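Protein chains: 4
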Amino acid sequence: MIKAGIIGATGYAGGELVRILAGHKDVEIIWYGSRSYIDKRYADVYRNMFQIVDDKCMDDNIEELAGQADVIFTATPQGFCASMMNEEILSRTKIVDLSADYRIKDVAVYEKWYGIEHKSPQFIEEAVYGLCEVNRGDVKKARLVANPGCYTTCSILTAYPLAKEGLIDMNTLIIDAKSGTSGAGRGAKTANLYCEVNENIKAYGVASHRHTPEIEEQLGYAANEQVVINFTPHLVPMNRGILVTEYASLKKDVTYEDVKSVYDRYYQNEKFVRVLDEGVCPETKWVEGSNYVDIGFKIDPRTNRIIMMGAIDNLVKGAAGQAVQNMNLMFGLPEWEGLELIPVFP
Amino acid sequence: MIKAGIIGATGYAGGELVRILAGHKDVEIIWYGSRSYIDKRYADVYRNMFQIVDDKCMDDNIEELAGQADVIFTATPQGFCASMMNEEILSRTKIVDLSADYRIKDVAVYEKWYGIEHKSPQFIEEAVYGLCEVNRGDVKKARLVANPGCYTTCSILTAYPLAKEGLIDMNTLIIDAKSGTSGAGRGAKTANLYCEVNENIKAYGVASHRHTPEIEEQLGYAANEQVVINFTPHLVPMNRGILVTEYASLKKDVTYEDVKSVYDRYYQNEKFVRVLDEGVCPETKWVEGSNYVDIGFKIDPRTNRIIMMGAIDNLVKGAAGQAVQNMNLMFGLPEWEGLELIPVFP
Amino acid sequence: MIKAGIIGATGYAGGELVRILAGHKDVEIIWYGSRSYIDKRYADVYRNMFQIVDDKCMDDNIEELAGQADVIFTATPQGFCASMMNEEILSRTKIVDLSADYRIKDVAVYEKWYGIEHKSPQFIEEAVYGLCEVNRGDVKKARLVANPGCYTTCSILTAYPLAKEGLIDMNTLIIDAKSGTSGAGRGAKTANLYCEVNENIKAYGVASHRHTPEIEEQLGYAANEQVVINFTPHLVPMNRGILVTEYASLKKDVTYEDVKSVYDRYYQNEKFVRVLDEGVCPETKWVEGSNYVDIGFKIDPRTNRIIMMGAIDNLVKGAAGQAVQNMNLMFGLPEWEGLELIPVFP
Amino acid sequence: MIKAGIIGATGYAGGELVRILAGHKDVEIIWYGSRSYIDKRYADVYRNMFQIVDDKCMDDNIEELAGQADVIFTATPQGFCASMMNEEILSRTKIVDLSADYRIKDVAVYEKWYGIEHKSPQFIEEAVYGLCEVNRGDVKKARLVANPGCYTTCSILTAYPLAKEGLIDMNTLIIDAKSGTSGAGRGAKTANLYCEVNENIKAYGVASHRHTPEIEEQLGYAANEQVVINFTPHLVPMNRGILVTEYASLKKDVTYEDVKSVYDRYYQNEKFVRVLDEGVCPETKWVEGSNYVDIGFKIDPRTNRIIMMGAIDNLVKGAAGQAVQNMNLMFGLPEWEGLELIPVFP
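From first to last, the protein sequence lines stand for chains D, F, P and W.
Reminder that position 346 of the first sequence reads as 346 in our numbering, one-by-one numbering, no gaps.
Reminder that position 203 of the second sequence reads as 203 in our numbering, one-by-one numbering, no gaps.
Reminder that position 24 of the third sequence reads as 24 in our numbering, one-by-one numbering, no gaps.
Reminder that position 324 of the fourth sequence reads as 324 in our numbering, one-by-one numbering, no gaps.
Pulled out of the complex, with its shape left as it was, chain D reads as follows (with noise of 0.2 Å):
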């Protein structure tokens, strides 16, 4: 039995990974760490937790839970765990991070993208982005993996097999991104109160949110060459979910069966991976409760672009649910072990 420990368990990520590995049969949650409920029962902080957890909140002291934890998913304000992690605590335990503090390599654009001074950039080399898919062998080997955002691992995914095959011209590539609001957090802001965004929609961060430089970074790597793109994600009067629409000038003259079957090479042994059939369009419906990722696609002959499309449900796939398919790989389990959870509709 793998022994876990939450630090955050009390924001919308660190319940869901309540909620998933209560179902893992191989891991047992040991503290479920939290600053603003600490010494409350579990149960009274998410009710639908009643009579499944009957512990209460613990603070957030990684070096203490270091010890008693076989794992320890950090799902904390960006620059918490950064200024926590020391060699001691990876030496006795091992970390999935969840928040941005590992994510981007180049420590200069991680300060200027998200303002703050990163507390242990001696760390950034040893961590391994865990983005399974792409990621799967170093991941496995990793004491300290940088859980990917939710939009960075929707818009990767969907593009990274054309990126990777130079089947698109990464200087034209724009990624419109669409999300629940449950990525929001449960922090009580008025822009978050359902009747503000209840029968709305808006976009913000245009030009300026922080996936953008872990979008760039991670398609750099796969196409070979420095990618800047155009990045605006949009807030959805939905609870789960995220949809991006990506577009980019095909570089070579391609048809239908040639781009599917580039996928299909890279996905069709990827479990969390779902490449649809011609003409079928993502939904985030369609994946929502579950590790999915639902990709499709549109060549457009009028423009010679073509538009990718991928779905998540941003707390799983998107959060939580790839926290726990990097610690199955740490762990040397099946790689869906307590992530065979079936789409939920409607």
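Don't read these hints as lab results, they were simulated from the structure.
For clarity, every value in this text was computed on a predicted model and none was experimentally measured.
Hints are supplied without guarantee of correctness; some may be wrong.
No copy labels: a pair is met if it fits in one copy or bridges any two.
Pairs of lysine-lysine residues, derived as BS3-like cross-links and limited to a Cα-Cα distance of at most 27 Å, are as follows [said to hold, decoys possible]: (1) LYS56 x LYS260; (2) LYS252 x LYS164; (3) LYS271 x LYS56; (4) LYS40 x LYS25; (5) LYS140 x LYS105.
The hints should help you fit chains F, P and W onto chain D, whose structure is shown.
What follows is chains F, P and W alone, placed relative to chain D:
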């Protein structure tokens, strides 16, 4: 491996049966019966099942299916199951009927409220009303189980212990129920369009809803008297969930603890019934996707009434989940097999 | 031109007052009072008012405002208006108070249910309860109007004619109410976040909601007896709208036509009350954005109860619209001036 | 008093026309044309109009109507208006056609994208494209106005000044659009059921949506070159609202102020176009129920692209509101008569 067939697999309750059974380790679905989508790939009707279910939809030939299946779930319009039933079918397979055809023991009551002739009244006597927490013993021995309605499951279980123990005046019982829209089914009707339901709430079937006699009959057995109630359903802009708010005058001078101990006596060993802590009101979101019934109550000394509240997911405990719970009982499996679904939040 | 000031202009009810008064041909808003947004442009708080309202938010100095305004609307937390009120203010301006401070004639009842001391009980006697359809004459002469609560407006008007005519047993009256989320205000609370309210329904304030004594008092005047009721509010995932479902035993043997004629006697000349046709249930969407109350009812001969249903837009007839209706009466304007708002559908 | 007839009065756009015209002081609706609800009371189809509209639905006999009405609005399926049009009708009344029949000047383009034969191509030349802000002068003199599509209105106005002034490379223009569900109409289709749309987002009509050539034609006139774009619509779980996010490469080195001054030059005297302050992104909720177009933009120096954003209410500025705006122009009324609708929030 239990071979299961579903007649009506492409409605919302049928789809939920597929979701649950696909995760049930002792069941194999061998027949996806449909009237509208024969020969179409099931995953093209419900794309959440893409790469999970590869089969095509079959017709609704229950006779043929009876020769192949160990159990048949009928999630069909009222009257269908009754019109097809015969001794031969029942001698070859077990039936869990999700329609109302065998729920009501008095065929005249059925025919009056449903406005159709019952085609096989000879099986009504044998049929077991599949409210597992109440009729567990009989369900285990049944060939034919009448799976309770969604409103009725929630309405009955919320009041059952107090009715049984004579704490409430049954003549004063009023049930005000609220349901998500999946209860209205997947038929294409203007009244169920997104724009008609969204940002709207209404009562419907006032003093005439078909679940009324079903609730009255079952609570009548519990109270050992004839029960006539007001039951008012409302349509709420959400996909899933039923909340009932029940009002009744208390027949005895009781405290919170008195009532709580009655509820606990009936439910503390019930895996799927959660009696909430004092002062906590059930919310549909806390049971979404799960087979739980959450129950709370409040005594009002000003009026000498008790307000009982119950919440379920209408497609799970109110339909497919309870059907699987019944199947588990009928086949001697652990009652919760395949049903340890943790509520999804948010 | 009537000069109007609003204290609490940046809450949802205050915002709706601005929307309605901005379209009122005889009113000029001279003061957008706020506590949180002083000196901020009003249109930066509510961007729907961009290029419509150019003013900045002022403070909540009601004394100063009283010297400038012909009428002051106070859309403020309970206790504020009472704490500021004095004879000087009332001698210089008219007040429409949207809070509960002057709604309840018995100050002890107010202090018990609201848990605060009333700071100016000397004005309670004078204050007119501003339910226009009931107290029109008194409102016309008032200096200080207590604008009714949202739930209460809908609850009272739905039952009023039957209470007044002695058709229903007031001891049996149960009001099950459902409200959109704007009723919870614009304060940043976790419980009102999009993800907490969406796809969810719950009861709250069971047997303890503050609108209970207000309903009891007013229906008590109508029935000419002391009235004690059960009132249960529910939170519904929609922005606007209140639906009440009211249950009461009939004291006489009446037909549909009998009851309809009673309703018509009271309401057929009321511009803002629409008694629907037989068999039609009110829906909140049909009154959204308007000052209408839609009412329907159904007699249930099985239980000898009548089920009455009413629907309003909580921000219009339940708050700002009724406040303007009161203002129109106080200033001798046509009662519907600025209120001929056609419901928006869908 | 202008006598107006509506053919297609029972669709969502038709219903919105009724709402707006019922509040227009110079218009009387004399004909509520419908195909599905002939002889039914209009208020029984749209109960928000109870006690506001007493008339019954008529048929869609446009010839007869032409003899009675000063103006006819046709809110009908593609092809209907073209199939009925003749010189006699146009000689007796004015027409505002809300369908696509006369929007596209090249009949071959129309027939290709819409897949139907145009039955009266002889009137295409005469028809004025009713984008008031662009073609105001021609609209004033028109007998036949082609009211623009919802997506197109928003898409064109958002980019128009920059296209006209040559600031953007039209070959790089990509329009990612998001629409509420009322745009899909009131037809009873499974895909538009509440449970299918709610908690879901998807793209549709990728690289093939019919509004594409309409946008291309109009922006082509503005840019004075042939324009070929990518246009991708998405279905969003909300009733009303369209948001467009448009991407284009800048042809010149411009500052925020440069671009803002271009927008202002075109729109500062336009009552219904609001160019938002720097850094503010449009949100559909801020224009709901109104005839406004809200526009914002951001220059991204990293990619040398500009991101333009526009928001409208699809049923108002995207359909009925613009139709009334056109009617006002055609009859010499103030352009905003009946259209001073303040956005409803929340």
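task: Measure nothing new, just compare the shortest in-copy and cross-copy C-alpha distances for LYS140 and LYS105 to 27 Å and report within, between, both or neither.
output: within (19 Å within a copy, 60 Å between copies)
- request: Could you place LYS56 and LYS260 in one of the four classes (within, between, both, neither) given a Cα distance threshold of 27 Å?
  value: This pair counts as between: shortest inter-copy Cα distance 24 Å, intra-copy 49 Å.
message: At most 27 Å between CA atoms: does that hold for LYS252 and LYS164 within a copy, between copies, both, or neither?
response: within (14 Å within a copy, 32 Å between copies)
message: When Cα atoms must be at most 27 Å apart, do LYS40 and LYS25 count as within-copy, between-copy, both, or neither?
response: within (26 Å within a copy, 36 Å between copies)
field: Within, between, both or neither: LYS271, LYS56 at alpha-carbon 27 Å
entry: This pair counts as between: shortest inter-copy Cα distance 22 Å, intra-copy 35 Å.
Checked against the numbered hints listed earlier, the structure breaks none of them; every hint is satisfied.
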